[in-house]
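Residue numbers (my numbering), protein chains in the order written: chain A, 1 to 571; chain B, 572 to 919; chain C, 920 to 1505.
The hints are simulated quantities; they were obtained by calculation from the structure and are not laboratory data. Just so you know, these numbers come straight off a predicted model, no measurement behind them. Glycine residues also receive a C-beta, built at the ideal position from the N, C-alpha and C atoms. Some hints could be false.
[What the hints assert, rightly or not] Simulated crosslink set (BS3-like; lysine-lysine; CA at most 27 Å straight-line):
(1) C:K982 with C:K1166
(2) C:K1166 with C:K1134
(3) A:K95 with B:K807
(4) B:K805 with A:K393
(5) B:K632 with C:K1332
(6) B:K632 with A:K327
(7) B:K807 with A:K331
(8) A:K331 with B:K805
[What the hints assert, rightly or not] Part of the chain B face toward chain A, derived, beta carbon under 8 Å:
(9) I626
(10) A628
(11) D629
(12) S631
(13) A683
(14) S684
(15) R809
(16) D816
(17) G819
(18) A820
(19) H822
(20) F827
(21) P832
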Amino acid sequence: MTAVNSSGTLIAIRDLKVDFRLDRTTVTQAVKGISFDIPVNSTVALVGESGSGKSVTALAILGLLPKENSTVPPGSRILYGGRNLLALAPGELQKLRGADISMIFQEPMSSLNPVFTIGFQITEVLTKHLGMTGRQARVRALELLREVGIPEPEAKIDAYPFQLSGGQQQRAMIAIAIACEPKLLIADEPTTALDVTIQKQILELIAALQKRLRMSVLFITHDLALVGEIADYVVVMREGEIKEQGRVEQIFEAPQDAYTRALLLCRPQLERRPRRLPVIDDFLKPGPLAGSTLEERSRGLRGDEEIILEVRHLGKSFYSREGLFGKREFKAVKNVSFKLARGKTLGIVGESGSGKTTVALTLLRLRGESSGEALFDGKDLLSIPQTEMMPYKRRIQIVFQNPYASLNPRFTIGQLLMEPLQVHRIGSSESERRDRVYKLLEEVGLPEVSFFKYPHEFSGGQRQRIAIARCLTMKPDVLICDEAVSALDVSIQAQVLNLLQDLQDEHHMSYIFISHDLAVVKYMADQVMVMNEGEVVEVANSDDIYRNPQHPYTKKLLSSIPQGWRGARAR
Amino acid sequence: MTQAAALAIGVQRAESPGLWTLAWRRFCRDRVGLVSFLIVVFFFGLMAASGVHLIAADWSKEVGVNYAPPTFIGPEVADGGPSAPGSHGGERTGEANPFDPLAGVLAEIRAASGAASVAEAQAPTLVFGGDRWGRDVLQKTIKGTETSMFVGLVAAVLAAFLATVFGALAGYYGGWIDDFFNWFYSVFTSIPYLLLILAIAAVLNQKGTLTVILILGLTGWTGIFRLVRAEYLKHKVREYIQAADAIGASHPRRMFVHILPNVSHVILVQLSLHVVLFIKSEVVLSFLGFGVGVDTVSWGSMLNEAQSELILGYWWQLAAATLAMALLVTGFSLFTDALRDALDPKLK
Amino acid sequence: MLSALALPAGSRAADPAKTLRVTFQVAETGFDPTRTSDYYSGMVIEAIYDRLLTYDYLARPSKLVPLAAESLPQITDNGKTYTFRIKKGIYFTPDPAFKGKKRELTAEDYAYSIKRFFDPRNRSPYAFLFEGKIVGLDDLGARARKTGRFDYEAKVAGLEVPDRYTLRIHLKEIDYGLSHILAFDLSGAVAREVIEFYGEDTNAHPVGSGPYRLKQYTRSSKIVLEANPGYRGKIWDFQPGDDALDKEIAAQMEGKRLPAIGNVEISIMEETQSRWLAFEKGETDLEYQLWDVAPTFMTADGKLRPAFLKRGIKLNRTVDPEITYTYFNMQEKIGDQPNPVGGYSLERIALRRAIAMAYKTGDRIRVLRKGQAVRAEHPIPPGVAGYDPNYVNSIPYDPRTANALLDRFGYKKGADGYRRMPDGKPLVIRFSSTERDRPYDELMQRSLDSIAIRMEIHKDRFPELLKLERRCRIMMRNAAWIADYADGDNFMQLLYGPNTQQSNNACYQSPEFDKLYEKSRTLPDGPERNKLYWAMARRMEADTAWIMNDSRVRNMLMQPRVIGYKRHPALHQEWMYLDLDSSAGK
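Build the full structure now, drawing on both the sequences and the hints.
Structure (structure tokens):
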């Protein structure tokens, strides 16, 4: 453990252990004895994948662990100002929360109380902890709102959370958190749910606040690239243990631990495009990395490829009722046109609300009426009546974003994978279909016995594999991946991306790869289409678009990508 | 999902079994639930045994004297009620009728047969007493269990079936289909439940067990309908349904193969609740005279008879029916509660 | 001195402080004689209106005596002309319909009241009392039905009013029942002005000349009568018979001015428990509608329990002039379905006979009636002219013979244990009843089970059952008939062929019976008529159209202060003949 010198330690965590009781007989160790320091006036990033114990650690500091099934064994200490926070009485701890140590969470919509105005929630903190009167608190609240960058604070102070955008909600949360000028701000994945441009703004805001208030920030995230931009110190956790910790330069330049190295390299990077993405296991087993992870893969369209799908002037509007008889039209997709080549990948990027998902669902006829044409194999997909869609449904398939919601929880994997075969009458007998399913399971890297299991027995990454397998049963020509890896951890993401690539190499499927993650899109796509507010902003080969963006919006988007710590140093 | 549970599950890597196994395990931990489950099983057993005539097959035989008291009280002191002035004791004796065309035949028959048959001895007391005609109250109670439970179960299944179909159609398709079913539902629920069943019972001239089942089933679907419809509205927009649509699953397939298993636990709990409700409704109907016919005994008909008996001080039939009913209804209700806890979908 | 202040005739004798409280177990319909038919409304009607004749209070068997008439009618013309002279000085109670004038009762009022039975607007259920009897009246009635309006001005040959106080009735043929009919409560006189004044609301505004008038009326809840202050009065002067009760009553009531009780309060109480508790607490004075709770106050041998005797409560037991019976539908078909119990062939008679022999009348009386009934052997019950106390019904209780009889006639048992028709078709008895009759349904089921005949219950509301019955659509039902007037003819007409679709609910058509009946109508009450009645009963039993059941006992409970009570079989109530003596009892 590297000790911290410089200006002093704000919080010292020593040998923290946390156990969770799952039922009468099972106890799991979420945190297995970790120690690190949070220095004064600095940013510490706590990095790890899901299940690493980082959120548990943060909650432990504030004493927010659920009483009914969590225990912190004696011997663990969290020292703050000479006192062990774990041993404090609840009343004492409450005085610290919000005043000395405050926290912001990942989902601002669920962290803010929906029935109170923003102003109320800010002033609550002020009146309770600082003893201000209502009027004083309101004045201070307006100041805070201005400080966190909410436009029109006089109007917004009386707004309810649902009336603000995601980014504004997060800013409001931050305002509440810094209202009492705490010494430590714990931020638990505060930007994961935000668009990449907003994400950048929030990060800058937190950095600015940290400097001005001279407070410490404990920044929890799974994204190492993000960490590089803002952190002074980095602590890497895996499965309840600290794998490595130290200054940010050291972690990024000379990572000691294999896992740290894996985390750094599993993410697709803008500079390189290896043939296969390395995964954690590549680093954890001894020996050099496989050649495939070092070779480069080239992507891009030459212009003479066979076009399998051509979309012309696609438009989709949603109507909502306005008043008693009126109808309001919301144009989700306006005049989108593109061509998809056989065996190639088209990446669609854009922020939330840009219409990229709507494009995909409309092509699949899952969203009802639309305008424009989608020429596929000589026929216009959008004008085929529903009753005749069956043969075409096989040929374009989709993998959804949320692996937890796209599989029917009551079906076994076998039933899930057999169903498309049964519906489309593929194969001549049940046993033949079963064989196909077993082969597919093998192809996506799942054991045969999965056939009899239920989705909830699998992790997120495994479920995405199942979803991919489900699409493969029908041997589609086009596979749409709608944010298919966005909800996955970095290492799992790499595995799934590799799988997708292998399948494309094997079966020559065409992909439409939708994502907000620009690095991933650059890695996977041959051609990239940038969308904003329902319209196509720019279309080009992926290398070209990243090297030489034409449209200002594209430029703005690219500049928001976290550059890693080098970017921070460059600033 | 509470953060605690989320953290816990995120931490756990071990294998976890399917939904029903989990539910069963949870259920077994609940002691009250287990006891009530045993009670329900016991009553089911009674119903089955009675249904195949293993027990209480002779419930209608008059084995005791009229209003035979329970054995633990002792036989009734001879005070067989006041007699009427000038009444001839015993039955009619008959006389000659010169106009009778059957006189000859009757004389032959009487000559052929010997002495009058000996009436079967009637017990002065029975285990739990006898009713007006001397039938064994205990056997009647058991037979009544069969009737009441059968009616409750079948009516509940009927109601659940109707409600599931209606709810699925309304929740899934929405639009004017939903409007139609909602209108239909509103008509049924705007009339107070008891008045509704009495009104229908009075109009249907055909009396009997089947009628009661139909009445209860055809009026009791509304509560389940509302819940099923809500579940369908919820599930219809879920991603796995979109995925099913993308695969090419038809509407009926999506409704009944995909969504229905996700809703089945709700329906099961509602089914259980409605069994209890319909048992109580059947008792009320039979008590008011609109329920099962004369040749069938149910707790309701026993309570009906108990009305006039209580005035005369004969309480055992009332006690037996009430005890049995109280035990079953309480047990079943507690069982339903435990079932609902065990199937809590949040902890899937 | 006191004698000088003797109250003149017509002034108030009834003590307004005295109130007799009674109950009805069923709500009343109303008090217009042509618009009601139920027993309880009849009780009130009897107290408010004056009939021409009534019955001697004490004399048994019932003896007709004049009421509004000066004397019994003068019967001439071979029994076809009845002449009545109305007493002078009888006045209707004041009413706004009379516009302030004092209104005397006249013969014209009786003619009018009889005509009203034929007015189609009244739809009287008791029109049969006068139908087919009075010359010219039926034609007028038929014309009224065609036009929808009854012409009260038209002259009816059979209803002659030669002068203000004389009424002469001309009958089409001899009819010994007319006097009884004119003593029946619905024959009371109403005033035309009142009827025309109140239009459709006559049921709530009875105006009569009788001992009581309506003081307060809450529909289906409470009826309060008060003694008519303008009543001509009557002195209690009946001749006691030999029994102790008569003598006791005479001693108490002789010479008193009637009505003695100033008010009669009638409460509608539908629950037996409520009525019992009300009486037991002393809130009501007379109560007899307590069949269900009889064992509570009576011992096994028909005496009042000691606790009640100690309180001075009195019990008067009589058998009501009613019969209950189970009838078979005697027609070959019901609607267009074959009727298993109908027809006059030997095998059908055997079926009906077997059922009659298996019916457990003894259990019915003992368990269901709780002993408060006597077996009805003969269609005519006690207290009614033509009753034969020595008559024994020819059909015994003998389920064994019943079974053998059915076997003999080919009603073989099928695989399910139930008997089938001789031709193999299924045999199901469809037994009709109302919802409240479940114990009687059970009794019938047990009886039919003892001879292995399948039964099916048909439930409906009472008015619906009556409608079906009128169309001969009911296969079997328990029915009852209480005397309208104390003459056997009122009962025998229930089996008269032409009365099918009216009161003959078995739809019984026997030419032999009908001949005997028509002959009986030409005879007055006496041994000759009784011989005919004997034969008629035996004929009915031979065909087995009815199973005779029972006649209920009326246990009249009285508070100690009620004196003068003797149950009259023909009168609906005895209120004007009673008195309340607070010193009596204890």
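(request) Mind listing which of the numbered hints don't hold for this structure, in increasing order? (result) As far as the earlier hints go, 2, 3, 6, 9, 10, 11, 12, 13, 14, 19 and 20 are violated by this structure, in ascending order.
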